[in-house]
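Assemble chain B onto chain A, guided by the hints.
Protein sequences appear in the order of chains A and B.
According to the working numbering, the first sequence is numbered sequentially starting from 268.
According to the working numbering, the second sequence is numbered sequentially starting from 268.
Think of the hints as simulated: they come from the structure by calculation, not from any bench.
Possibly wrong hints are sitting among the right ones.
With a cut-off of at most 16 Å between alpha-carbon atoms, the simulated EDC-like pairs for lysine to aspartate or glutamate come out as follows [said to hold, decoys possible]: (1) B:Lys491 x A:Asp333; (2) A:Lys309 x B:Asp316; (3) B:Lys309 x A:Asp282; (4) B:Lys309 x A:Glu320; (5) A:Lys309 x B:Asp317; (6) B:Lys309 x A:Glu283; (7) B:Lys309 x A:Asp316; (8) A:Lys309 x B:Glu477; (9) A:Lys309 x B:Glu283; (10) A:Lys413 x A:Asp333; (11) A:Lys309 x B:Glu320; (12) B:Lys503 x B:Glu477; (13) A:Lys491 x B:Glu283.
Label pairs and their calculated CB-CB ranges [claimed, not checked]: (14) B:Gln366 x A:Gln658: 26 to 36 Å; (15) B:Ala465 x A:Lys373: 24 to 34 Å; (16) B:Asp365 x A:Glu472: 32 to 42 Å; (17) B:Ile518 x A:Arg397: 46 to 56 Å; (18) B:Thr635 x A:Pro381: 22 to 32 Å.
For glycine and all other residues, C-beta sits at the position ideal for the given N, C-alpha and C.
Number of protein chains: 2
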Amino acid sequence: MNKTNPIAEIIAIGDEILIGQTVNTNSAWIGQRMSEAGIPVKRAIVISDDPTEIAASLEEALQRADIVLITGGLGPTRDDLTKNTLAQFFGSTLVRDDQVTQDILKLLASRNVPMIDLNLDQALVPNNCRVIRNANGTAPGMWFEKDQQVIVSMPGVPYEMKVMMDEQVIPALLSAFKVPAIVRKTIMTTGIPESKLAASIADWELSLPEGVSLAYLPSPGIVKLRLSVSGENQMKLRQLINNLADQLVTIIPEAVFGYDDLTLEEVVGVLLRERKQTVATAESCTGGTLASLITRVPGSSDYYKGSIVAYANEIKTTFLKVPGEMIQAHGAVSCEVVERMATNIRDIFAGDYAVAISGIAGPAGGTTDKPVGTTWIGVASDDGVKSACYQMGEHRERTIHKAALAGLNLLRLSILKDARG
Amino acid sequence: MNKTNPIAEIIAIGDEILIGQTVNTNSAWIGQRMSEAGIPVKRAIVISDDPTEIAASLEEALQRADIVLITGGLGPTRDDLTKNTLAQFFGSTLVRDDQVTQDILKLLASRNVPMIDLNLDQALVPNNCRVIRNANGTAPGMWFEKDQQVIVSMPGVPYEMKVMMDEQVIPALLSAFKVPAIVRKTIMTTGIPESKLAASIADWELSLPEGVSLAYLPSPGIVKLRLSVSGENQMKLRQLINNLADQLVTIIPEAVFGYDDLTLEEVVGVLLRERKQTVATAESCTGGTLASLITRVPGSSDYYKGSIVAYANEIKTTFLKVPGEMIQAHGAVSCEVVERMATNIRDIFAGDYAVAISGIAGPAGGTTDKPVGTTWIGVASDDGVKSACYQMGEHRERTIHKAALAGLNLLRLSILKDARG
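Chain A with its partners taken away, still in its complex shape (with noise of 0.2 Å):
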């Protein structure tokens, strides 16, 4: 086999996923991944677990593409079903797979699971394909090739598939087609709604060579820049993309916080990190969540000190020490309570830098002046402390959301200053 620039279909078999019990992410991953190995995926189809209809849509996927990728209908409990048809429909039997066998045993032993027949019975396969191993569940994957196209079958449980895909099947069929190299680098960058970043990069965007692509991926908060160019040498490629983004960083340099998937709390924890530094944090309308996003670093205890949450405005006044007369005059949302707060909670909890939110959520507690998704950050540190204003929407979940990120990210303004400074 060495066709040029073939194209893929995604057959999911499950009723689960017709009445919406599950959502289709397999069919999601297995188009990102196809689409970053330069093999376009040009339907996915979903079915429910019946034979005519796996059949019929087979027959009519390998009318359309070269490649059709199948997953689901391999559990332990109606394989029969989905391997007869396979193997009906390219006339050939069933057979017992030893090295499955193994493969299968030695899986429910280190689970301490006890043996039944139907685990056995997954190690029956189609004689006409060629396993895949599964590292992570009982049932195998399948392989098969008819008049120059590729039928992959795959189980669905989403973590079982992937492994699948990455370390066998992309790698089998980019050897199986001849299909050209992609480079692609993702800017993370926060802080610049997507409609003004699209007009502050126009002049760059317009001025991308020919075959580079730009996309937008914009989520609450965070948008995501990525470029891509596909062609004959991967290095030169990726030397292109490379400078495209370097140029890129140049024209908006505050926004952007890091490439390729990273998080903002991990890059502030990177940053606290490098400099053997730590930081504490006040909330009132994010409730938690700046600190919640903080934490899910792993190891982040060597530079996060913890929080005060302080929800009821007494808790301001007693344990952040911020005088009830401030609160009263400006309001809990204000710039002089937010900045107190800052310079407070970095002075109990002993950390090199501190960051403080107050806002207002919503959906009640929206006045004229400060109307629903008015938020004040604050940011303390041995320079003294500075605070910001923003308005975050009338989506309480979104509002919370973006105003943690925005604390992060003002938290890294502030770390990277410093450094410079």
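Showing chain B alone in chain A's frame:
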């Protein structure tokens, strides 16, 4: 039209879904709603923004299904494509719809967005369709009928599509086709793993009347049990399902915390509000996640005081006043320390209840005696303090989330017990 027991297919249009940039949650949501309405979805397809693909897949779907629901391909920059394709498919022409024109002008004005010609083009619709007005966007939906079949085209923006489906499309389908009544009830449980739960209710499950089905829907820390039945008389079915749910509660009274997707944090909020009581928290391994769950509920400031996130041990001693010798003797993850944390945070923040959590979220920090996942949770109230030890597993994020839910559940049980006692 008066066809009985129709079946449906879904066609989602969009390159961004095929390459996995967007997960196809629309089709899952539609599948769920349609199945709840008694109309099974037999196939769901994703295709690219391409006229040939759209026409071909619609043609195929109409050979199998009575109803075809199409999402996507209706944005202001590409609507001509899908609409023209549909108009061509039905041999109709595009005409301007005055109602839609007015809707668009009104919507843009309310958002202070200037009109561009592209927006007005969205008021062009095929002259053989019935317009489905869009309350939340500029692209109208379209309802077509052909040979006793129904084809509906909707925008891909989830919020716009969902409102159209719930308010217009599903009611119209239920009057165009004859479908059986379906009644469902979801029983929310926590604190018992799925396999143990299944064993506890096995006799009840076996005794379910014919036609009543039970689905287990597990997620970390929560197992939903969904009962459903279909038939003629909606009221009788509702009564049957309610009786069966009541029976279930008598078998696992402590595990059931609510019905129909109510969350644990909402239930705790209702209990505290009813009693005009308050709660405070002290968190170590969960790092603010318990606080963030509680404060996700709008209005939680009525009953939530706040939290001390004591990530560093010194904060446990200095602010939560846990004696250093106690931590030395028993470890930070112990019955003694967590009970002291709960008692002290209750005093310090003056709450009626207090929850404290201390555990090993991993990946580091485990020992033979206390492996990763070991979590102590304590609840303090007027009646003193109670605590329990849990094993939450080795997956860091999951451990944290499960520990926070277990804290909420222990709080819920304490409140209920106090109410009874």
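Comparing the hints with the structure gives:
1. B:Lys491 x A:Asp333: Not satisfied, since the Cα-Cα distance of roughly 41 Å exceeds 16 Å.
2. A:Lys309 x B:Asp316: holds, 10 Å
3. B:Lys309 x A:Asp282: Holds, at roughly 8 Å.
4. B:Lys309 x A:Glu320: Given pair lysine 309 of chain B, glutamate 320 of chain A holds - Cα atoms ~9 Å apart, limit 16 Å.
5. A:Lys309 x B:Asp317: holds, 10 Å
6. B:Lys309 x A:Glu283: Holds, at about 11 Å.
7. B:Lys309 x A:Asp316: holds, 10 Å
8. A:Lys309 x B:Glu477: Violated: lysine 309 of chain A and glutamate 477 of chain B sit about 43 Å apart, past 16 Å.
9. A:Lys309 x B:Glu283: holds, 11 Å
10. A:Lys413 x A:Asp333: holds, 10 Å
11. A:Lys309 x B:Glu320: holds, 9 Å
12. B:Lys503 x B:Glu477: holds, 15 Å
13. A:Lys491 x B:Glu283: Distance ~15 Å between lysine 491 of chain A and glutamate 283 of chain B Cα, so the pair holds.
14. B:Gln366 x A:Gln658: 26 to 36 Å: holds, 34 Å
15. B:Ala465 x A:Lys373: 24 to 34 Å: Hint holds: Cβ distance 27 Å, inside 24 to 34 Å.
16. B:Asp365 x A:Glu472: 32 to 42 Å: holds, 38 Å
17. B:Ile518 x A:Arg397: 46 to 56 Å: holds, 49 Å
18. B:Thr635 x A:Pro381: 22 to 32 Å: Roughly 27 Å apart at Cβ, these two residues keep to the hinted range, so it holds.
Hint violations for this structure: numbers 1 and 8, all remaining hints satisfied.
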